[in-house]
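Protein chains: 2
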Amino acid sequence: MNIGIVGLGLIGGTIAKTLNQHYTVSGYDISEATITYALEHKIIDRSYSDLKLFFEDNDIIFLCLYPNAILNFIFQNKHFIPKNRVIIEISGIKKYLISRVEELGDLPFDIIYTHPVAGREKAGIMHSDEKIFANANFVITPVDKNKKQNIDLVSDLAKKMGFQNISIVTPEQHDDIIAYTSQLTHVLSLSLVNAISTDLDTRRFIGDSYRDLTRISIINEKLWPQLFINNKEALIHKITEFESELRKIKDAIIMNDTEKLESLMRKSTQIRLSIDRGKNNES
Amino acid sequence: MNIGIVGLGLIGGTIAKTLNQHYTVSGYDISEATITYALEHKIIDRSYSDLKLFFEDNDIIFLCLYPNAILNFIFQNKHFIPKNRVIIEISGIKKYLISRVEELGDLPFDIIYTHPVAGREKAGIMHSDEKIFANANFVITPVDKNKKQNIDLVSDLAKKMGFQNISIVTPEQHDDIIAYTSQLTHVLSLSLVNAISTDLDTRRFIGDSYRDLTRISIINEKLWPQLFINNKEALIHKITEFESELRKIKDAIIMNDTEKLESLMRKSTQIRLSIDRGKNNES
Numbered sequence: 257m258n259i260g261i262v263g264l265g266l267i268g269g270t271i272a273k274t275l276n277q278h279y280t281v282s283g284y285d286i287s288e289a290t291i292t293y294a295l296e297h298k299i300i301d302r303s304y305s306d307l308k309l310f311f312e313d314n315d316i317i318f319l320c321l322y323p324n325a326i327l328n329f330i331f332q333n334k335h336f337i338p339k340n341r342v343i344i345e346i347s348g349i350k351k352y353l354i355s356r357v358e359e360l361g362d363l364p365f366d367i368i369y370t371h372p373v374a375g376r377e378k379a380g381i382m383h384s385d386e387k388i389f390a391n392a393n394f395v396i397t398p399v400d401k402n403k404k405q406n407i408d409l410v411s412d413l414a415k416k417m418g419f420q421n422i423s424i425v426t427p428e429q430h431d432d433i434i435a436y437t438s439q440l441t442h443v444l445s446l447s448l449v450n451a452i453s454t455d456l457d458t459r460r461f462i463g464d465s466y467r468d469l470t471r472i473s474i475i476n477e478k479l480w481p482q483l484f485i486n487n488k489e490a491l492i493h494k495i496t497e498f499e500s501e502l503r504k505i506k507d508a509i510i511m512n513d514t515e516k517l518e519s520l521m522r523k524s525t526q527i528r529l530s531i532d533r534g535k536n537n538e539s
Numbered sequence: 257m258n259i260g261i262v263g264l265g266l267i268g269g270t271i272a273k274t275l276n277q278h279y280t281v282s283g284y285d286i287s288e289a290t291i292t293y294a295l296e297h298k299i300i301d302r303s304y305s306d307l308k309l310f311f312e313d314n315d316i317i318f319l320c321l322y323p324n325a326i327l328n329f330i331f332q333n334k335h336f337i338p339k340n341r342v343i344i345e346i347s348g349i350k351k352y353l354i355s356r357v358e359e360l361g362d363l364p365f366d367i368i369y370t371h372p373v374a375g376r377e378k379a380g381i382m383h384s385d386e387k388i389f390a391n392a393n394f395v396i397t398p399v400d401k402n403k404k405q406n407i408d409l410v411s412d413l414a415k416k417m418g419f420q421n422i423s424i425v426t427p428e429q430h431d432d433i434i435a436y437t438s439q440l441t442h443v444l445s446l447s448l449v450n451a452i453s454t455d456l457d458t459r460r461f462i463g464d465s466y467r468d469l470t471r472i473s474i475i476n477e478k479l480w481p482q483l484f485i486n487n488k489e490a491l492i493h494k495i496t497e498f499e500s501e502l503r504k505i506k507d508a509i510i511m512n513d514t515e516k517l518e519s520l521m522r523k524s525t526q527i528r529l530s531i532d533r534g535k536n537n538e539s
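Sequences listed follow chains A and B, in order.
The working numbering puts the first residue of the first sequence at 257, with every later residue one more than the last.
The working numbering puts the first residue of the second sequence at 257, with every later residue one more than the last.
It cannot be assumed that every hint is accurate.
Pairs of lysine-lysine, DSSO-like flavour, derived with a Cα cap of 30 angstroms [claimed, not checked]: (1) A:Lys488 <-> B:Lys488; (2) A:Lys506 <-> B:Lys504; (3) A:Lys351 <-> B:Lys504; (4) B:Lys378 <-> A:Lys523; (5) A:Lys387 <-> A:Lys351; (6) B:Lys478 <-> A:Lys506; (7) A:Lys523 <-> B:Lys478; (8) B:Lys488 <-> B:Lys334; (9) A:Lys504 <-> B:Lys488; (10) B:Lys401 <-> B:Lys339; (11) B:Lys504 <-> A:Lys504; (12) B:Lys506 <-> A:Lys351; (13) B:Lys298 <-> B:Lys351.
Keep in mind that the hints were calculated from the coordinates and are not lab data.
If we strip away everything but chain A, and leave its shape as in the complex, we get (with noise of 0.2 angstroms):
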């Protein structure tokens, strides 16, 4: 079984440090420069130029683009991926991406809809570390033209590949959920350090909780835009009811309510441990 990647970035090039060690790794990116990166540091043992080619030679084909770059390889490459091929695409969305690919009609290979939640400040194939995978979550949403051998195989892989939890989930779910753990939090993120505004030197008065907080606000630009506006819908949702909490707390100030403030903190407290303790469904 031969494994080939399109798309050597900070995923991209992970999935290959990973499989290698079970797989002969194949790889196709755009930039030279990243190739021979891969190849010089044996991230990968073998580089494409032709895409056909590439095609014929890889069984499984990991699609390690951004989102829109996704839908536009499936869409230029349709007619020449052979039948029986795997396709893994990756990114972090899904009801959306289903949907364009889905206008494309009957396609011949199947292609399984994934997201690692993993991810770094730091983009580029030099940034790779298997440890961005080790005892991270891996989601998979099924549709139903994928074969259940398929759904399988790519759930052995991300075992392959470090992951810890592998979800089965519906893309209505996964997007949904999503949302709320990743991409609010990265929303509330680059809010916070925009709404910086001080004369001091900031460095010399914060703690570990505004490091903790910002670090996500060193964030890839002409990744997360896809993201935020391809899930709109539950991404709007989401920042709503924020918007909400944030005013109860705010309220609870303005009136002096101690209790009140007391009681959001019990909540917020209690609700933290429970997901630490994976429980938090069963409230």
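Once you have looked at the hints, place chain B on chain A.
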């Protein structure tokens, strides 16, 4: 020079641990269990049950209590604290505390207002740890009555406790920047957690970003309402500024305005990187 510490919680315990390498450190706490723990673990050298003796024997006294308890303590003991004692309070708010203390009139001892910008999402002496102070920030907000030699003494003690940056600013500057770097971050973290709404097991869908942003939602609900309410003016202002930045992102998503989102992300990335370099005040 003898050091006395009133209140052996997370911060009081850590001050004791860092200073008893240099001085004789005594403790006073209303909890007998805490005193026993502190003596058994050699966190303090001596304990007192008689406050008058405690004041007699110790030249420098740290008040490591919640803000309202600091006020009560000073009010109840102002006639028993001898002249020339240096009293160091360590709360996270300054203007409110200073103005309330000034209502007490002329006091014979010198109160130095400080803020060790350090903490942990767990309270109590058993979690006290020198690591909390290592390379952290320490802020002093002098008032007119303070003797220069006492400010210098406290700066020196902060260095001995392991703090990296000792900053001297006005109470107004302190409250303004801490409302942003510390209080607003806690408000956001707990609002984020309280906005949760899912039937799924959240733990299977989160990455480092959610874990980082929600760590401080495990919060001491007896302390933080006092900090929020007693710094109301600055904090409400910061919340409002944050809401306005959040609204910019929300509007850009609604309008599919990729360019605006990219520009907001470039801004947050640039600010956050410049904070790492200590240059955010030079822009």
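Hints, one by one, checked against the model:
no.: 1; hint: A:Lys488 <-> B:Lys488; in the structure: 34 angstroms, violated
no.: 2; hint: A:Lys506 <-> B:Lys504; in the structure: 19 angstroms, holds
no.: 3; hint: A:Lys351 <-> B:Lys504; in the structure: 25 angstroms, holds
no.: 4; hint: B:Lys378 <-> A:Lys523; in the structure: 16 angstroms, holds
no.: 5; hint: A:Lys387 <-> A:Lys351; in the structure: 29 angstroms, holds
no.: 6; hint: B:Lys478 <-> A:Lys506; in the structure: 17 angstroms, holds
no.: 7; hint: A:Lys523 <-> B:Lys478; in the structure: 13 angstroms, holds
no.: 8; hint: B:Lys488 <-> B:Lys334; in the structure: 27 angstroms, holds
no.: 9; hint: A:Lys504 <-> B:Lys488; in the structure: 14 angstroms, holds
no.: 10; hint: B:Lys401 <-> B:Lys339; in the structure: 14 angstroms, holds
no.: 11; hint: B:Lys504 <-> A:Lys504; in the structure: 21 angstroms, holds
no.: 12; hint: B:Lys506 <-> A:Lys351; in the structure: 20 angstroms, holds
no.: 13; hint: B:Lys298 <-> B:Lys351; in the structure: 35 angstroms, violated
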